[in-house]
Every structure is written in C-alpha cells, then in structure tokens.
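In order, the protein sequences belong to chains A and B.
Per my numbering, the very first residue in the first sequence carries number 1; after that it's consecutive.
Per my numbering, the very first residue in the second sequence carries number 1; after that it's consecutive.
Think of the hints as simulated: they come from the structure by calculation, not from any bench.
Check the hints yourself; a few may be wrong.
What the hints assert, rightly or not - The list that follows gives simulated cross-link-like pairs (lysine-lysine, DSS-like), each with its CA atoms no further than 25 Å apart:
hint: 1; chain 1: B; residue 1: K158; chain 2: A; residue 2: K163
hint: 2; chain 1: B; residue 1: K182; chain 2: A; residue 2: K166
hint: 3; chain 1: B; residue 1: K251; chain 2: A; residue 2: K163
hint: 4; chain 1: B; residue 1: K251; chain 2: A; residue 2: K81
hint: 5; chain 1: B; residue 1: K256; chain 2: B; residue 2: K182
hint: 6; chain 1: B; residue 1: K219; chain 2: B; residue 2: K182
hint: 7; chain 1: B; residue 1: K251; chain 2: A; residue 2: K166
hint: 8; chain 1: B; residue 1: K256; chain 2: B; residue 2: K219
Claimed, not checked - Per the computed footprint, the stretches of chain A lying under chain B, defined by three or more beta-carbons under 8 Å from a beta-carbon of chain B, are:
hint: 9; segment: 82-92
hint: 10; segment: 176-190
hint: 11; segment: 232-246
Unchecked claim - Pulled from the structure, derived: some chain B residues nowhere near chain A, Cβ distances all over 12 Å:
hint: 12; residue: A59
hint: 13; residue: I67
hint: 14; residue: C112
hint: 15; residue: T117
hint: 16; residue: P149
hint: 17; residue: D167
hint: 18; residue: R192
hint: 19; residue: L260
hint: 20; residue: S264
hint: 21; residue: T265
Don't be surprised by glycine CBs; every beta carbon is placed ideally from N, CA and C.
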Amino acid sequence: MADQKSKPRRGARDDRDDADISPSSGPPVSPSPRLRISPSPHPPVSPWALPRRNVFLLLIVHCLLFTVTCRQDMQDQPRMKPFRSTTFFRDGMSSRAPVTGTVPRGHLKADGEFFTGKKDTPTSAPAAAQTATPAGAAPAQGIAAYPDDVEEFPLPITYDVVKRGKERYEIFCSACHGMTGNGDGMIVRRGFRRAASFHTDSLRQAPVGHYFDAITNGWGAMPPYAAQIPARDRWAIVAYIRALQLSHQNTQSQAGQPQLQTQPPASQTATPSSGGHNER
Amino acid sequence: MPSGVPPECVVCREIVFVGTTCCSAVAARGFRILEIRSQGLAKLGAMPQIFRHSTNALAKVSIFGAIFILLAALWAAAELHRSSWNTGQWVERQQPIQFSHKHHTGDDGIDCRYCHTSVETAASAGMPSTETCMNCHKQIWADSPYLEPVRASFRTGKPIEWIRVHDLPDYSYFNHSIHVNKGVGCSTCHGRIDQMPIAFQASTLQMEWCLGCHRNPEKFVRPADRIFDMEWRPENRTSEHVAEGRSLLSKYQIQKSEVLTSCSTCHR
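Make a model of the complete structure from these sequences and hints.
Below you can see the structure in the form of structure tokens.
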C-alpha cells in the first residue's frame, strides 16, 4: 500500500503527466520498460488551491483592464481642435484664415466710421497728424491735428458702455498707460518706452477717432490692438479714457491747481537702458 | 488482479487510472473500460487522508486573504488611476520658451484676458499670437537670447508650438465662455496660475472632478466681478458662502444639477 499513497499525489501535479520514474521504486509488475503514468482526472484537490488560482487570474484580468486606458483612440480623435497642429496643411496649422477677398457672415465692416474711427469723407489734405511725433509732442493741437478722425462716438455712450470700457481699459491699456492714464503702467516701469499720458492738453483735445485709430492701428511704439480688442470694446475704452480725463480735470480743479501738468511726475523710468531699442 | 497492483490495460499493459484510456484498442471495447473503471474506483475509495483537519482553518483564512488582496488591489488601482502619474496633475510642462505666468500675471499684474482674449466669448480661451508677445517684448528683453524663439516666430510667421497643459479628451465638450460668464473663476480649475513659474495642471481633469462642481455648483460659483481674481476662495465652505452661492445660481440662471450632470451636457 505504500506506493498507492504516492501515486495520486503525483497525479495532482498537472504539469508532470509524462514523468518517468525508475522501475526500482515502482511496482515490479510492469512488463514494459517504459512506465507511463497518466494524469489522474480526479486529483486530490485541496480546498483552497482553486480560489487562490482564481484570485490570481482575476488580478491579472483586472490589471489588463487598466491597460485599456493606454489606447488613446477616443481621447485623441483625428479631428481639429483650436490650436491643434496638423500635418495636413503645409504650414502645420489646423486653423485656416478666411480666403482672401471673402467676408465671414456678420463681419462686414460696412460702417466705416465705426470700424476705423476715420471720417467717411476726409475734411482736409494730409495734415500734421501724419507726421506728428507721438507721445504728446505734436505741434498741432486738438482737432486740427487729427482732421480725419471722427469727433463724435458712432455709438450711444451709456453707463454700461463706460463700465465695459473701464474693464477693457484695465485689461489691455493699464499695463502701459497705468490705471489712471498717467502713462506709468507696469510695462513702462519694466523698461518699455513711456506711454502717453491722457492728461495732457493735446490728448484732451484730440478727437475720439484719434484714440480709436491709435488702438486699432497702433501709434508710435504702441502696437495695434485690433486683433485683441473688438471694435465696440475699442469705442468703450475711448469712452472710459474720456471719463478718466474728466475725472482728472475735476480733481485738479477742486484741488485748486491752476495749471495742468503736461508731463506727469516721476518720469525717471521713462528712458531706461533697454528703452531705446525700438525695432519697429 | 491483486489489490496492490495498479490497474493496467488489458491490451497494451500500461498503467491507467479511472476514466482514462491507454490505447485505442480499449476504447473500441467498452467492457474493458468498465472493468478498469471499477478497479480504479475501488482504489480511490481506499485513499488515505492527505490534509489534516487544521487545513480547514487555513483554507478559510486564505479565502479571506484573497478577498482582502482583491480589495486592496482595487483600491490601489483606483488610487493609481487618480494619481498624477495617470492624470498629469502637478506635472510641470516644459515649453519651447519658459513662459512664467507668475512673472507676467503675478508680478506684472497683466490680466488673463490680455493674452487669452477669447475666454469670455468662445470655447477656447485662446492662445496669444506671437504679435501679442511682441507687444511688449519688442522693447523689453528685446536682445535676450532667451526670447529668440519668439523673435524667430515673429520674423517667419511660424507659430510657437506650445505644449498643451490642459488636454481634455476629445470626447468631452468644454466651453470656457459659459463657465467664465456663469461664475466659475479661472483659479477654480487652473489653480493659482499666478504663482506658477512653469504652468502645470492643477486639477485632475477627470470626470469625477468635473462632476464635483456640476453636482454642487453653489459651492464653487463666485460673483461676476471676481472671476479673474486669483485670490478668491477656491470653494464656498461655510454656510453663508454656500448661501451666497445659491443666490448666485439663480442670478446666473444655472440649471439644476440633474441637467448639469446629464451625459449630453459634456458628451455631445
């Protein structure tokens, strides 16, 4: 009976179905020299071997489930999102510019005064404004210096428009012109050429169209902002600049200042070392 | 056949066990298989005990251990799924130019919308064109080799290829303007970007995170003039703040959370 004990246990090992055992240890009755032991279909299964193996399989399947996230087909679909690059177009950009000579719906700039700040019919020949040096040193003063610029807002100015103008001014203009319009914004303090103060006589008398034109097309060192600010917001900013100018005048007259300062104080940072490098 | 001898095939003389066949000759004759099977059964019945009685306790413990291991594996997988390794949260992205939001926004006080102009009107917040960079950098740091890629882009007209920091999956729909116009501030999702020298993703951007606000918007909305305020509280925690948030919900006409958490709100 000693050999009976060993045989079922050997059969429990699934991978050893062709184990050769030496004849001396086996029973002496086998006439064939090759003693083959077939696997038993009913090995003595231990009560916990099966669950543990299942758990192991479950773990593997579970890990495989998480590798599913390695496939990014749905995450990165072959379509264009804003600012996504592409290999389809030669310039690598997926965003395309409108075809030359076409106008997108709702972008027809039919109202010339509204979109340019210039009068539809020029009132004078090219004046001093074209050659005037910026930053408030124009020889001609007031409306005469900007004869082609519109003098009245082409849209009704309400409180909401001025409020909107304040917001937009503080986003786009205050960096250089300062929160109060003195021309001492943070970028100027960092070394940019000193921006114009709105509280000078020449700019107080300048028509609103001049401000609009300056925002739209740039003026001197100031870059054009047409791409960043829509036309209606540009007019709102102009309205707020007018409000700033009025408020500045009021405080000065209330304080009993007889003469307006043409140059606001503290201009020592106006011409720093790197300020003169004007590439454009 | 004596009892101490293992059953063997009558034809090929090989040792076999119950239910198995050794050669085709046996399979062809059914009665021999029956003979072998009966012998095998007799042998199995005489099999002695292999496991002791204490093995039962071991088996129970191992089953419990298996459940514990499974739960632990589930937990570990969930944590791994939420980790920054998977979501990219907190990972600083190196850009072609090391643009510092901390410097431009935090130190210089430039408004978010100076560069991200379309954040209030479009789905995309908008990336600034090179011209926008050159607004200032044509004079400031104009000679710096650090900014040569910007100048090169300005000269050639080829855009700077920034690395996208917040990359939502394409199956999710997101619109900046609706969030900005209805009381969700920049810092709610983007964190203190004004303190980041190198931008990183401050949120997980996982659906769980989106739903956190879509289920309880009153905990995150803020007044309309505080949207771009980086120092505004990130979450309405106290009861009066939540009450303020509730009043803002009606002011902004924010839909019920059943609508906000509907599948098609974000998956269109």
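Outcome of the hint check:
1. B:K158 <-> A:K163: The hint is violated at about 37 Å.
2. B:K182 <-> A:K166: holds, 21 Å
3. B:K251 <-> A:K163: The given pair, whose Cα atoms are some 20 Å apart, holds under the 25 Å limit.
4. B:K251 <-> A:K81: Distance ~32 Å between B:K251 and A:K81 Cα, so the pair is violated.
5. B:K256 <-> B:K182: holds, 14 Å
6. B:K219 <-> B:K182: Answer holds: B:K219 to B:K182 is near 13 Å, not above 25 Å.
7. B:K251 <-> A:K166: holds, 23 Å
8. B:K256 <-> B:K219: Holds, at roughly 14 Å.
9. 82-92: holds (count 5)
10. 176-190: holds (count 3)
11. 232-246: Not satisfied, violated; 0 residues make the cut.
12. A59: Violated: least Cβ distance 4 Å, not greater than 12 Å.
13. I67: Violated, since 8 Å does not exceed 12 Å.
14. C112: violated, 8 Å
15. T117: violated, 5 Å
16. P149: The claim holds: B:P149 sits with its nearest Cβ about 15 Å from chain A, beyond 12 Å.
17. D167: Violated, because the least Cβ-Cβ distance between B:D167 and chain A comes to about 8 Å, which does not exceed 12 Å.
18. R192: holds, 19 Å
19. L260: holds, 23 Å
20. S264: It holds; B:S264 is separated from chain A by about 17 Å at its closest Cβ, greater than 12 Å.
21. T265: The assertion about B:T265 holds, with a minimum of 18 Å to chain A.
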